[in-house]
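Protein chains in written order, with the numbering used here: chain A, 1 to 243; chain B, 1001 to 1243.
Everything labelled a hint here was simulated from the structure, so no lab data went into it.
Hints are supplied without guarantee of correctness; some may be wrong.
[Unchecked claim] Simulated restraints on C-beta separations:
1) 1178/B - 162/A: 43 to 49 Å
2) 1075/B - 175/A: 29 to 35 Å
3) 1093/B - 239/A: 33 to 39 Å
4) 183/A - 1210/B: 54 to 60 Å
5) 183/A - 1085/B: 43 to 49 Å
6) 1034/B - 188/A: 55 to 61 Å
7) 41/A - 1093/B: 32 to 38 Å
Where is the CB? At the ideal position from N, CA and C, for every residue including glycine.
2 protein chains.
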Amino acid sequence: MNKYRTYKKDLDYSYTLGISLTIELLTYQSELVQLVYISTNTSYDGGVAKIIEMCQYKHIPVEFNDKIINILSPKQNCYAIGIFRKYELPIQVEKNHIVLVNPSDSGNLGTIIRTSLGFGIRNMAIIRPGVDVFDPKVIRSSMGAIFHVSIEYFDRFEDYIERFSNQDLYTFMLDAKMSIHDIKMTKKPFSLIFGNEAKGLDESYRNIGTSVIIPHQKDIDSLNLSIAVGIAEYEFTKYSINI
Amino acid sequence: MNKYRTYKKDLDYSYTLGISLTIELLTYQSELVQLVYISTNTSYDGGVAKIIEMCQYKHIPVEFNDKIINILSPKQNCYAIGIFRKYELPIQVEKNHIVLVNPSDSGNLGTIIRTSLGFGIRNMAIIRPGVDVFDPKVIRSSMGAIFHVSIEYFDRFEDYIERFSNQDLYTFMLDAKMSIHDIKMTKKPFSLIFGNEAKGLDESYRNIGTSVIIPHQKDIDSLNLSIAVGIAEYEFTKYSINI
């Protein structure tokens, strides 16, 4: 009998699909890993050998089971799956944050998590309703970055603001007061706040902190959410990235 | 008998999936449209009414045909499909260009086309092998921006360089000579050159023009291609966007 089923939001576990994601999981969140499935259709060298070694070292059970891999993996050619317990990672005060209000696209969310890590922003708030960060699609599109970033959900934007009252707030919207080119940053930690992919932030956000636009030509309605977040993170961290 | 089949690269036509994309097609490339299919499972007001009106005005045949819509559309809820003849749009001299060397992801390519249009860059070169711009997935992820941008394929990078010898060339790579923060632009048109999603540009590009890095933390290997292109376009057009 297979204990694990295809991912649903209400399950208390999720999983990594593929060898490199499973290695990321075992490297950074090994204490959460319950079981690793490995396909019998692969050679046991390279990444697979590394996974088996890591599991032995950390006393994590390994099972060779093609049937469950076919069930859990919507794609062909998946050779390893790491099952892990879902976790909560409260975001930190006095750090820079990304705040996503009602994000709805799992691929976008993964890309945003990865880009944020790339620009050193390791704290993300999601205002509900929002896509589930533990959806295997988000994990995959984050390319494992999800295991390095604290992500916390809030029922209301007000709940977020209440706890993080010392942040400089920047709301990204088309009907904004200021161009991103003209922002003068302070010494306080910042929160870059973005709305839903289709609708953006509503008018009520215009007077929260500083509303900001990334100027673009009128030929498009708006930039893709993950592109807008990437540009904002690039600009706001420009002089603080250590290379 | 249905004349049109599921898209393949060697067909001489492609199609837009959905109402808003079909309206974009009819607005900007109507002379290429051969036929519009409309679903019988929709009301004939709003976007559908607009499509029918545009087709009447431009003498484009309209067919109500659920069967072919189901064949051509991999997703449910597609109410209109516009079949159009593929075209070639040579890129222009004395304009800014994006050059993609061997791009392989259709969703990424669509997003890049859309972002480029947003930053006023309407000329794109693709060095073969590269994903097919007329793949309906590219058209969809470009959200119609593809109909506003000239895109030309080249067999070799050298062929591109030969024709566009007056461009300032910037090759984006991790092993670069200069940070994007330090670029001093000239008055010449620029070409921003990016490699494949997985492999980037190889070492041979390092001495072509100015090699540039977008600095990021070591926690990630590289930025997603569409994010890197977005940031580069943002920075290079920063003082020239008319809003």
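Checked hints:
{"no.": "1", "hint": "1178/B - 162/A: 43 to 49 Å", "result": "holds (44 Å)"}
{"no.": "2", "hint": "1075/B - 175/A: 29 to 35 Å", "result": "holds (32 Å)"}
{"no.": "3", "hint": "1093/B - 239/A: 33 to 39 Å", "result": "holds (36 Å)"}
{"no.": "4", "hint": "183/A - 1210/B: 54 to 60 Å", "result": "violated (27 Å)"}
{"no.": "5", "hint": "183/A - 1085/B: 43 to 49 Å", "result": "holds (46 Å)"}
{"no.": "6", "hint": "1034/B - 188/A: 55 to 61 Å", "result": "holds (58 Å)"}
{"no.": "7", "hint": "41/A - 1093/B: 32 to 38 Å", "result": "violated (52 Å)"}
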